[in-house]
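Undergrad: In this text, residue positions in the sequence shown follow my numbering: the first is 66, and each later residue adds one.
Some hints here could point you the wrong way.
Subject to a maximum C-alpha distance of 20 Å in a straight line, what follows is the list of computed DMTMM-like cross-link-like pairs (lysine to aspartate or glutamate) [unchecked claim]:
no., residue 1, residue 2
1, LYS183, GLU210
2, LYS98, GLU82
3, LYS139, GLU74
4, LYS165, GLU89
5, LYS86, ASP130
6, LYS146, ASP130
Label-pair restraints from in silico Cβ distances [as the list claims (entries may be wrong)]:
no., residue 1, residue 2, range
7, GLU82, LYS181, 17 to 25 Å
8, TYR120, ALA178, 17 to 25 Å
9, ALA178, ASN216, 31 to 39 Å
10, GLY94, SER133, 33 to 41 Å
11, PHE125, GLY173, 32 to 40 Å
12, LEU212, LYS139, 37 to 45 Å
13, GLU82, GLY173, 45 to 53 Å
14, VAL180, GLN112, 30 to 38 Å
15, GLN142, ALA213, 21 to 29 Å
16, ASN113, GLN208, 35 to 43 Å
17, ALA115, ASN192, 36 to 44 Å
18, VAL93, SER207, 32 to 40 Å
19, THR152, GLU82, 14 to 22 Å
20, GLU156, LEU110, 21 to 29 Å
It should be emphasised that the hints constitute simulated quantities derived from the structure, not laboratory data. Because the structure is a prediction, the values reported are computed rather than measured. C-beta atoms are modelled at their ideal positions from N, C-alpha and C, and glycine is treated no differently.
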Amino acid sequence: MKINICGVEIDQLCFNEVVEKIVEHVLVGKEPKYVVTPNAQHIVLLQNNARFREYYRQAFLVVPDGVSLLWAAKFLQSSLKGRVNGTDLFEKLCAIAAQKQLKIFLLGGRPGASVKAKEVLEKRHPNLQIVGTYCPPYGFESQLEELAIINSKIREAKPDIL
């Protein structure tokens, strides 16, 4: 079930249900999908950015990161099952990936951030397989050459979770 908040369809799932759906999808080995974790700022940006809106429309799951979305749902006399913080979600997925031998690729952040994140995550989860890291330059999304590099790195690494 979904709740519409300012034109954004948000999945009505609790944290554990989101984790379960993602892991189930990864284990079945279907085509890659992505999850978005909107907050109030995203909702505002989505109002005037058709491209951003389309990314949300095509997402596998749209789950509320910001507490303001829980308040908005309540105001609309609806309810969401709770906040699904993106950082907490990723940490939980790393723990499960370590247990189930799933491979992870870290993409994004400031230069060197993904390498540092890899070190921290591997200490927390000794069996975690991080098969690649890459921090593209700011504005990469409009640079075809950079997008080709990113795609190549991801395809070569064959991660289960990006």
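Undergrad: Taking the hints in turn, state whether each one holds.
TA: How the hints compare with the structure:
The straight-line distance between the Cα atoms of LYS183 and GLU210 is roughly 25 Å, outside the 20 Å bound, and the hint therefore fails. With a CA separation close to 16 Å, the supplied pair LYS98 and GLU82 stays within the 20 Å bound. Of the pairs offered as hints, the one joining LYS139 and GLU74 holds, with about 15 Å between alpha carbons and a cut-off of 20 Å not exceeded. Distance hint between LYS165 and GLU89 is fulfilled; the C-alpha atoms sit about 12 Å from each other, no more than 20 Å.
At roughly 17 Å between alpha-carbon atoms, LYS86 and ASP130 fall within 20 Å of each other, so this suggested pair holds. Distance check on the hinted pair: LYS146 and ASP130 sit about 12 Å apart at the alpha-carbon level, within 20 Å; holds. Here the CB-CB span from GLU82 to LYS181 is close to 31 Å, at odds with the stated 17 to 25 Å. As the Cβ distance of TYR120 to ALA178 is approximately 22 Å, the hint placing it in 17 to 25 Å holds.
Against the hinted window of 31 to 39 Å, the Cβ-Cβ separation of ALA178 and ASN216 comes to about 20 Å, which falls outside the hint. Checking the proposed 33 to 41 Å range against GLY94 and SER133 shows it holds: the Cβ atoms sit about 36 Å from each other. Distance hint check: the CB atoms of PHE125 and GLY173 are about 18 Å apart, inconsistent with the given range 32 to 40 Å. Checking the proposed 37 to 45 Å range against LEU212 and LYS139 shows it holds: the Cβ atoms sit about 40 Å from each other.
In this structure the supplied range 45 to 53 Å is violated for GLU82 paired with GLY173, their Cβ-Cβ distance being about 26 Å. In this structure the hint that VAL180 and GLN112 lie 30 to 38 Å apart at CB holds, the actual value being about 36 Å. For the pair GLN142 and ALA213, the supplied restraint of 21 to 29 Å is violated, since their beta-carbon distance comes to about 48 Å. A C-beta distance of roughly 24 Å is found between ASN113 and GLN208, which places it outside the suggested range of 35 to 43 Å.
A C-beta distance of roughly 42 Å is found between ALA115 and ASN192, which places it inside the suggested range of 36 to 44 Å. The hinted window of 32 to 40 Å between VAL93 and SER207 holds, with their beta carbons roughly 34 Å apart. With their beta carbons about 18 Å apart, THR152 and GLU82 fall inside the hinted range of 14 to 22 Å. At about 25 Å, the beta-carbon gap between GLU156 and LEU110 stays in the expected band of 21 to 29 Å.
Against the hints set out earlier in the document, violations occur for numbers 1, 7, 9, 11, 13, 15, 16.
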